[in-house]
Structures are given as C-alpha cells and as structure tokens.
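S.K.: Next come the chains, spelled out residue by residue.
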Amino acid sequence: MHCNRFLPRPMSRREMLAKCANGFGAVALASLVGEAAYGAVPATQRPNDPTTRLNPLAPSTPHFKPRAKSVIFLFMDGGPSQVDTFDPKPRLAAENGQPIKAKVQPTQFDNIGNVLKSPWEFRQYGQSGIPVSDLFPNVAQCVDDLAIIRSMVAEHSEHTNANYFIHSGHGMQGKPSMGAWATYGLGSECQDLPGFVVLNSGLIPPGGQDCFTNGFLPASYQGSMFRNGEYPIADLKRSEATPEVQQAKLDLMRRLDRDTLARTAGDDKVESAIANYELAFRMQAAVPDLMDMRGESEATKKLYGLDQKQTEIFGNQCLVARKLVERGVRFIELLCPKVGGDRWDQHGDLKSGHENNAVAVDKPIAGLLKDLKSRGLLDSTLVIWAGEFGRTPMAQGTNGRDHNPYGFTIWMAGGGVKGGTIYGATDDYGYYAVENKVNIHDLHATMLHLLGMDHKRLTYRFSGRDMRLTDVYGEIVTGIVA
Amino acid sequence: MRKSRRQIRDIAISSATGIAAAIMSFACLPALAQSQAIPAQQIEFFEKKVRPLLNDNCFKCHSAARKPVMGGLCLDTRAALLKGGDRGPSLLPGHPEKSLLITAIGYRDPKMQMPPRGRLKDDQIGVLTEWIRMGAPWPAGRPQATAGQPAKATFDLQARRAAHWAWRPVRRSPVPSVKNRAWPHNAIDYFLLAKLEADGLQPGQPADKLTLLRRVNYDLIGLPPTPSEIDAFLKDGSPDAYRKVVDRLLASPHYGERWARHWLDLVRYAETDGHEFDFDKPGVFRYRDYVIRAFNDDVPYNQFVKEQVAGDLLPYPRLHPTEKFNESVIGTGFWWLGEGKHSPVDITQDQRDTIDNQMDVFGKAFLGLTIGCAKCHDHKFDAISAKDYYALTGYLKSSRYNLANIDSPSHNRPIITELEKVGDQLAAMHSGPYPGKPRIIPGSAEVFEDFKKPGFEGWSVTGDAFGPGPRATAIAVKEKDGKAVIQRLATSDAADSGWCSYNLQGSLRSRTFTIDKPYVLFHLAGSGGAKVNLIIDGFQRIRYPIYGGLEIAPKDDSQMKWQAMEVSKWIGHEAYVEFLDLGPGRITCDLIAFSSSKEPHTEPFIGCVVLTSRFDGTSALASLLQKSNELKAKLVEPTRVLGLADGTGENDRVHLRGSHNTLGDEVPRRFLEACAGTNQPLVSGAGSGRLELAERMTSPSDTLLGRVLVNRLWQHHFGEGIVRSVDDFGVMGQPPTHPELLDWLASEFVRQGGSIKQMHRLMVMSSAYQMSSRANSVADRADPANKLLHRMPVRRLEAEAIRDAILAVSGRLDRTLFGPSVMPYLTQFMEGRGKPETSGPLDGAGRRSIYVGVRRNFLVPMFLAFDYPVPATCMGRRSVSNVPAQALTLMNNPFVIQQAEVWAKRINADKSRTAVQQIEDVYLTAFGRPPAPKETAAALRFLESQRKQYAGDELKPWADLSHVLFNVKEFIFVN
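Line order of the protein sequences matches chains F and D. Per the working numbering, the very first residue in the first sequence carries number 40; after that it's consecutive. Per the working numbering, the very first residue in the second sequence carries number 1051; after that it's consecutive.
By construction, these hints were calculated from the structure, which means they are not laboratory data. Careful: at least some of the hints might be erroneous.
Said to hold, decoys possible - Think about it this way: if two alpha-carbon atoms lie no more than 27 Å apart in a straight line, the pair counts; the simulated BS3-like pairs of lysine-lysine are: (1) D:Lys-1171 / F:Lys-140; (2) D:Lys-1161 / F:Lys-140; (3) D:Lys-1955 / F:Lys-288; (4) D:Lys-1955 / D:Lys-1998; (5) F:Lys-288 / D:Lys-2006; (6) D:Lys-1648 / D:Lys-1605; (7) D:Lys-1110 / F:Lys-457; (8) D:Lys-1955 / F:Lys-276; (9) D:Lys-1619 / F:Lys-142; (10) F:Lys-104 / F:Lys-362; (11) F:Lys-362 / F:Lys-348; (12) D:Lys-1984 / F:Lys-288; (13) D:Lys-1619 / D:Lys-1567; (14) D:Lys-1099 / D:Lys-1171.
Claimed, not checked - Short derived list, chain F residues pointing at chain D, Cβ under 10 Å: (15) His-198; (16) Thr-299; (17) Arg-302.
To be verified - Derived DEER-like restraints, expressed as beta-carbon distance ranges: (18) F:Pro-138 / D:Glu-1687: 49 to 55 Å; (19) D:Gly-1599 / F:Gly-518: 40 to 46 Å; (20) F:Asn-153 / D:Ser-1608: 38 to 44 Å; (21) D:Glu-1649 / F:Pro-138: 25 to 31 Å; (22) F:Val-520 / D:Pro-1160: 27 to 33 Å; (23) D:Gln-1948 / F:Asp-183: 52 to 58 Å; (24) F:Ser-391 / D:Arg-1183: 51 to 57 Å; (25) F:Arg-496 / D:Arg-1183: 42 to 48 Å.
Please read these numbers as outputs of a predicted model, since none were measured by experiment. For every residue, glycine included, the Cβ atom is placed at its ideal position computed from N, Cα and C.
Just chain F, with the same shape it has in the complex (with noise of 0.2 Å):
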C-alpha cells in the first residue's frame, strides 16, 4: 500500500560496515544519502529492500519466483496503427470514405476525416493462426511466441504526454522511468555496465532524456543512452594519448586518493567515490566489446538484417540487446531507427510512412526474438513491443491518421508470457477498447510481476509518500500470463 506510516530508518551504510568489519574494497559502489536512506521500512520488515543495498546494483531477490530475469522494450515512439498491424478491421474496408458511425473524440490535429480502410492485407500464421498484416511478414512467423494485447488504453493525446506515462506510468516529466524501477528493484546482474541502458537509434521520443530518468529515485538507475558506435556514451573514451599516460595520471590519483581518506578517518562517502572509478574502468573495457560485433557469426548478422541498410541500425541495436540480455543487464530499451522519414507518427502518407518504420524493425525484432529462442534465452527475457498509444481508424485529412489513446495493440514475448494469445478487444473500428481494457498501470503491474516482483510492494519514499511505478492502480493481466 502507499502512503504507509513513517517508519524507522534502516541501518546506514556507516553503521553496517561497522557492523560488519567491513572495508575498503568489499565496496562496489553505494548510493550515499539517497532519501530511502532514511525513509524506507527497516530492512527486517523487507529483506530484500533494494534502499539497504550496499551496492545499487548489486542483485536482489525479487518478491517471488521471476518469470523473466530481463526485459527488451521495443519502444515504437510516435504511435503505430493498430488496425494496420495486428488488429484486422473488415468494418473499415466496408465503410472506407464515409463519415465514421461512432463518437468522435477530439485529436490533437482536430481535422477528422473518414473512414478509412487499412493499405494492408492480413494473413493468419503459425498455429494459432493469428492475423498479422503485411507490415510484419517477419515478427508474424514468431507470432505464436507473442501474446498480444488488443485492448490497451493510454489516458493521452499528446506524445510527450503519453511517452511520460508509458514510461514513468505518469503524465508529467519527472517521475521514475519503469526501467529505473526495475533495475531499483532488482539491481543488475551487470556489474560493469548500468543496469538500464537505453539503445538510441536516431530517433528521440518527444520528452527526451526524461523518458528515462531515474526520478526521485538514486542517479544508479538512470537510464543510460547509448547510440551507435564504439564510444556509445559521453566521456566513455580515455583522454589520455597512450594508455601509459593514463596509468600514469591513474597511480598518482590513486595515491593521492588514499591519502585523502586518510585525512576524512576513511569517510564511507569518500571510499565510494574512489571505488566508483573502479567501476568506470571497467565500464571503459566493457562497453566497446559489447558494441564490437566481430565476434558474431554472419548468420547470427543476416538473421538481425545487418547486411542490409534498411534494417542495419535497428538489426545492430537488436543484436546489442541481446548481447545486453547474456550479461545480464536488467532493462533495455530501444528506440526507433532513424531511416530517412519520421518515427511511427502519420498523420499523413501513411502507407509509406508505415512501411518505411516496419521495414526498419520488422526483420530485425524477429531476428531477436529467434536468436533469443535459440539460445534459450527467450523463457528469461521479457520482451515488450509498444507505442505510447494507437491511431484513429478514420483519417487524418485523406491519407493518414492521428492519436488514439482509446485502443491499441501491443504485445508480449518470452518470460512467462502466453504465446500466441490474443487478449482483449476493440470495437468493429479498431477505435475504443470494449473487451478486457488494458491500461498503463496494468502493463507496468504485469511486467513487475513477470520479473517476481509485486507492483503493490516496489515502493520509494519520496516527499511523504511510498510512491510507486503504478500509483494507486494496476492490475496484473492473468490472462496473457503463461
């Protein structure tokens, strides 16, 4: 429950390692006054308490046995049409260019147009036989690995809004992001690389770096954005010319260092910030080996479309996120590809829009979700795929369509999740959910559940209140859980 009553603080890292004889050196790294350090529920009551951590981002044990120690999340920022991907509609063909026979909601561009049928075809496939447009003739192979949920609504009209809300289960900017909450909850089995990592392929959602943020919660579960390359992230590079420079400068920091927590009585604070360098060095070596792809085979390439342009960027953003998932990293968005045209947001030129986002990521997602299989690595690995909402069934104008955060389509693969399910529904327009509404909340509540932990329990005290990815709400969607 939130807002529970104050309780005592729990033991501080100062007491602990007191306590516990322990020194310089058993210390990875520590959150230093952090305002759980003092407003969290004593340890004895929660074990587990990811606040009492020495490190982070140490491992905790979650709430109950976990379904999935990872999560891929598939951002597909800018909206995808459900009614062209995985939510058929006949009634749209049948009444294509004529005024729409349901309440109208307002848009954000306020110019309704008619009905209008989707551009594609859809084909059933797998055994269970579930329709796929022709947008995804590659993640419709997988399709009975994916649950897919029809029936999901956002309660925003705006992307900024909306990506806020998927994100931090909250419309405004500031509040933790659910892969800050995760790898709070859960830590990472990473040590050498964060525990969130946010995969930057070109395109940023509206609400920028905030999509991501750790919030209130510590600066440990930051998201951290990487883009393409060797150097993936700022300051990563050495400075220094040679690498004996560098030593140099390090073994005299590094002695001048210990003399300085000589001088502060071996003040913890200090001692965490030298080891936290420690931990830099190490993310030095660790981040270009994870971008070098010269150790996979040209199979492994071909399956994630990296030989081919259109499908290069989100193929290799793909393959690092399962080289992210084998180290153990906690949560991984990824962000869409910059491929010439804008991110899934047609409120015109639909089909090529459309076609031009599916193309780039099509291939690419199935070739995850089959390396992940194959590698028997897919039963631990929680993959989301999602916008932060849906599009009208009628147009925009003539040819494209705008925001629809009253139904639309996402869907799950892997850890625990029920493949080839299709849960919930839309009315015959694909316009607003009517069966088994799907919210955020209950998104969010199903992921914490299928990564062991109880959405109702992962709390943080900020400014009075046990505040929590989910809120007040959130329930866990039973039905596509395996």
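Given the structure of chain F, go ahead and fit chain D onto it with the hints provided.
M.R.: Same frame as chain F, but now just chain D:
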C-alpha cells in the same frame, strides 16, 4: 451526499413530470420493506440474472466488502444503489433512461464507463435496464454485512492538528545548561551539547583553520578560497579573524549566487517549457537574478514570500535601490517555472495539471507540506482536507499569466503625457466626422463589450499601450505623396493600443466568462503583431495545431473589420479576452460580440474616415508631427517579466478523486484551516485575494514558514536538516532531531526580522559548525548516523559547485553577475525535439553554473551526473549518488580537460617561481591547503615522468597534474 448538477437536474425533471411511483420508491421505500411485494417471477429474474451479473462485474470495486469502496458507491444493496456514490443516486426505479447505472454501463458518457475493463454485452445491459424498469426489485434475505455506505475512516482535522508537532506554536525554550561551559559559542551549541552530554558524548575537536576556511567558503559562496585569502586568514591571528571572513563572504555578491541556486531547486526553476518542443519561457532569467539580489540584499523572508505569492498586488512594491524597477512583481514568476504543455487535447486537464504542480511546489517550498496529497482525497495523514486544497487552487483559478512591465514609470510617463497633449492637438485640428460603430441587429449577436464605460471598467490593464481607458479616436498620420493622410479608425469608444504611440506595450484583459455561442466576433484593426487572444481555461500557449484559431493578429490598420474566432469546441468552458501589444504594433477594437454565426448582422456604418491635407513643412501639422516623432523616439522599450496578474475572482470546486470530470462542492478561497483557522474572512474585492493569502501565510502565528526555512539553512550548513525530510514537515516526514533548537532558531529568525544572513552568521559562528569532520570513535559508535551532530559531516560538492570550482581554480571564472543565460554546450549525445540550433561554448563562457541555461529537455549531462534535480517539483534535498558517469566526466569530459590545460598555462605563466613553489600554489588553489612534503615529492616525480612521455613538453605535464588534482576526491569533497 454530493450530487452533480446533472443528477440534481434529472431528479428535478422527474419530479416535475410527476412520476409519483418512482419518486415514492426513491424517497420512501426502504429496501427490505419493498421485498414483501415483489412478485415471484421478479425475484427469480433478480436472483438468476441480475444478482450474478452485479456480482461478477461490479462488486469487486463496489461492495461494502471492498475498502475503500470505489467512488463511494456500493451496488450490493438496493438502499446503497438508491443512495449512490460520489456522483449521486445510481438508479431511479422505473426509469432506466434516467439512471446513472445505465448511463455508465451503456458507455454513454465517455468520462464514466463501467465496468472499466470493457463494456457489458448488450443482453446484459438489457437485463439491468429491464430490472430498473421493473422498479429495481431486490428481495430480502442474504443481507450484506453492512447495508449502504461503509464506514469511512473519519478525517478529523482538528485532532490531527493537535496531535502533530509542526502545527504547534513555535516555542522559544530557554537555552539549556551544559557541563562543558567552555565549548559553546552561541545558543546553538548549548542545545546540541546538552543532547550530546545526555548521551555521555563530547563534541568533536575544532577543525583546523584551513579546513574551516574552505568549508565556509563553499557553504556561503560556493567557491574555493584563493591563495591570497588563505594567506590573509593564516596571518590574521586576531580572535575575530574567522568572523571577519564570515562577514566578507556574506557581503560578497557571490553569496547570492550560491544561495539562489538552493532556492531554485525548490521552485523547479527552468527556462523552457519542456514537453514536445521545449519552447523558451520569456525572460525567466530575471526571476533567477531577482532571487540572487534578494539573497544579497537580505530581503526579509516574509517579504520574499509575499512577493512570490502576491508581488503583483503589493500596495508598495519593493523597488530596486538604484534602478528603481519593481522587484516585487518578479517574484510571482515562481508560479510559472513548471512544465508547459504544447497543444493539449484536453485543455481543462492541462489547467488542472498546471495548477496541481503549482500547488505541490507552493506547499513544499514554503510550508514543508505535501498539500498535493489532498488533491484526490483528504490527506491520508496530515491535517489537510481536500477542501483545503481546492480553497487554495481557487486563488490560482482567479489569477492569470502576465508579462509584467517592471520599469520605473519615471522615464516613459512624462513623455507619454507630452505625447497625449500632442495627440489632442492633432485631433483638434481635424475634428471632422467620426466613423460609426456597427450597430448589431438585435438577436443576431450578443454584445459582450462596446467599450462605452470609462476607464476600461471590468477589464484589467497592464503597461501603457492602451492608456487609461477607451479613447476618443486614435488619429494616425502618415505621409503619402507629399500629403498627410490622417485617419480616424473608430468611434470615441475603442480600446486602442496605438492611442499614443505604436511603440508602447501593454495588455488588456476582460473578465472571465463562460463560452456559450460558437463564435466570438471582434470588430478591429491593427498591425505589427499586436493581437487578441482568447484564453480558455487559463491556457496560454496558443499554437498550432489545435489552438491557432484562438489568436487574431490583424494585418490592416487602415480599416476596422469584423473578425471571428470559432469556439464551438469550447462551449461551456471558461475564457477571457486578452489584447496583447508587446511590440511596435497597434490593435484597435470597439466591439466584441458572441454570435451563432460568423458574420454579424449590422446596420450600415462607416468603418473609417480618411482626411487628407496638404503636407506643408512649415504648417502646424508638420511641427506637431515632428514633435510627436521626437517624443516617440525617446520612449524606452519596457522590460517584461513572467508573472501573475489578478483575474476574475472565482472559487474552485472539490474535484472528486482529483478528476475535473467529477466536481463536488464549491470551496471559498482561503488558507489552510490548520494554519489559519476555520473562521477566515472571505476574499474581499473582485480579484483573486492572493494578497490576503500572503498576509495569512506570513502572520506571526504561523508555525511552518520560519521553521521550514531555518531548517533548510541548517541542512545546507550541517549536511542534514534538523528535520531531515526538509520538504515534508508532515506526519510522514521525519520528526526533528532537536525540536527545541529548531524552535529556538525559528523564533530567533522572527526576532531578527527574517534576516537570512543573520541566521547564517549564527550557524557558521557556532562551535558546532567549526568542529572537525574526523570521527571520534566513541561518538561514532554511539551515534553512527551523526544525528546528535558530534562531528561535522564530510560532504560532496553539488554539480554546480564542482564546475564553478574547476573554473575558479583554472582561472577561467568570469565573475560577471546577472543577465541572460549562456546557452549550454550541446554534445552529440544530447538529442531530441526542441534542441537549440547552436551550442553554447564548451566552457560556458566561464560564467558560474547558475548562469548556464536550464533547458528542461536538455539538461547539462555533467550536472545530471552529479545529481542535479530534474526541474519537476520542489527538491529541497538533492540525492547524493555515486555513478560511473561522475568518474567518466572528471576523467574524460572535454570541458574538464580543457580547464586543466587553462590552469596549466596559468601556472606556467609565472616563470619566476620554482616547481616547488608552483606545486604549493596549485595545492592552495585546488584544496585550500599547502601540500605535505611527500605530496610535493610525488608531484615532482610525476611531472618528471610525464615530461619524458611528452618529449620535454613543459605544459602537458602540468596539464596532467592539474587534471589528476580535479580527479582526486579531495577536490569534490568538503571536510
């Protein structure tokens, strides 16, 4: 029981139509009594069809067993259904079409759709419809545990108020007695020592002189001491050497820069709107400068608070001491520093989001209260009701976004008076016919304003552009082909921002009204970007795509024309008209009407009168024109700041569960009952009443304002607040570790007239502040969290202080105060919509960090790495985390490397000094202390070995040494 207006209306309709039976069963029949008369087939229908349906789809959220019951609505007894929930009765027996239950399950109201997860099947809806038509028979038996409303946890504001320390009056206890009488320097020490002694502990040793100097420098001005300051302090053996340092630092203009930044954390300061395109907020840096000046000038805190809440309404605003501009009004910019939405689809929701953020920040920053928690329900723990919340939001609904002119009138006003005289003379020369004003044929449109009342009665005016009231005709004189073209645009009753000069700026805003017709018509002329806006639900960011039509910037100032705004989408919303002339333009309007059609029906009229006369250089006309032009050239463009202006006073209504779709009772505007009592006078006058709010907040009986502020000061000096949850003095926060000390400080603060500098003096002069940070093992074991303050804590510098220290040490620091922000350096890793086209310089032009632009969507990565807060809400206590980005920044960031080189050059510039002397300087500059001999030796060895790496290059080894010293932890920690 709360009823929405619609339900009340529904009930009224049903009464009026005389459905006696329905009313009978609604009003009189108790549920059980009714069951005796139920026919058997109805019982069967209910038990077989209705009850299972309700049970499967509704009871999970709406039954007495569910706590809390959603929406206050139980559906598990007939009585409960008749009573209903927050929105009123759920059913009217016999009348499904008037029953809220059917509206909800039919998904007929997009704001109320039940069950929320999906619409029931049509036949299920049919069952419930049929059942209600039958009269909603509900047989006896199988009674629920409790009928009707479940007992709600009672909210007793007075009991909560009495139970929690923060609401109790500030009590000044006598200073306690202590055993160790030698240690205390002032009252603070007695309070601290008494507690230490009670636990059998002793305070720490005094810090050495240089540690203390570095500490107090960073604390008070955020910059390290210079070698000459260190030298002077070491040489000053007088007993008040330290006091002199404190006085010097408090008098330094850099003090204001340091402490203003702490304040900016509280008010989520940023210079852009964020959201999709990160638009600039106009002139926000002036708020930052205002805060710096306020700290430097030691403005009494009550005054500072009043200015932020109601600086626009103060009868005697505080003027800048030399430039005489209005300081007070700049404070109101605080309200607008939050995130701003681009083209929101739900405009009312946008207004609520804005107000909710304003309330959240207001509550935490000034009062240390989580008022925002009372948005959806009475506060779960604190003595704050939902009514308190909406009593406060009314002040904001009654206030408006304004770009206030802060200039002293002393310059422009006399010129305007002269111009007015010239204008009158011009008018007198051409007293010919006046144009007509359109006469609207009755019934075709409703006149909202014809500007016939003098002095803009009912409108609020800012700036000089519109003058003191509707004008006798504005005369425009233009030269054309050697002739003067003299134009008269409108009748004597017009609002005209060109009445005196196109160069004047200002605004004119109407009262708030409710839109009830699809068109708002303006009869107007204008040019140069002056415009009329329709501000709906307080929404200011009028932009494409949705809101472009709410702005008209007329392009023709030679002819009055009708122009229409189409507002059918916003019928039922509140709005006001805003004329804005913020540049070299003019807008003239003589009639505003609401209409059902785009074109009004008017009687014929003459729209403008043009006279010409021979333009003779020697004529009276020419000399008047010349005089006019000379005067106009002397006018100075006004300085405008973002702030508040009063609007039409209106109360807000309680929003049930925080939603603007479910409104409850209206609440008169007032301050929190727990603070100002239950008998607060109603707002007097037509405006917002914010000034009265500010007075109540700063009344002598206040228990929070002072405590919260002194606690913030304490935190910045001693590492943790006496109340560690500095933004939350409520029940969920932490109790004070030293309540008597907190109260003593709060009372002393009042005694000192709210002087913040006096409080600094008290704190940094205490023996406690002058203690060493080295742990004494006995005390450390007994008090590991240092709650008793047995030693000073070691603290890491904040992001800005680290960058400022790098600049100060390298010698690159530009100590210029104030002014527009420097554009941040934009790296290739900073991407996204709204990214400025050009980056700022890598070194931020050497300016202190407080002058680096705060772009909401492009915050400086180096700052973020060191826990710079996202400007979303009040952040009185930054987290201090430890992430690899910090190490990577200091090791590899080009700015840090660059500054190490700058520093190396400076060190090397003075060839007269030996390497040992240079190393001594370097240590003094970076760490505020001379090096130990072994450190000097290590540095010399390092320089020597690097020289070999660089084949004898003199500069590079020094740059390496400088860079290493930036990375030594001593650089970013203060002992």
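S.K.: Provide an ascending list of the numbers of those earlier hints which the structure does not satisfy.
M.R.: none
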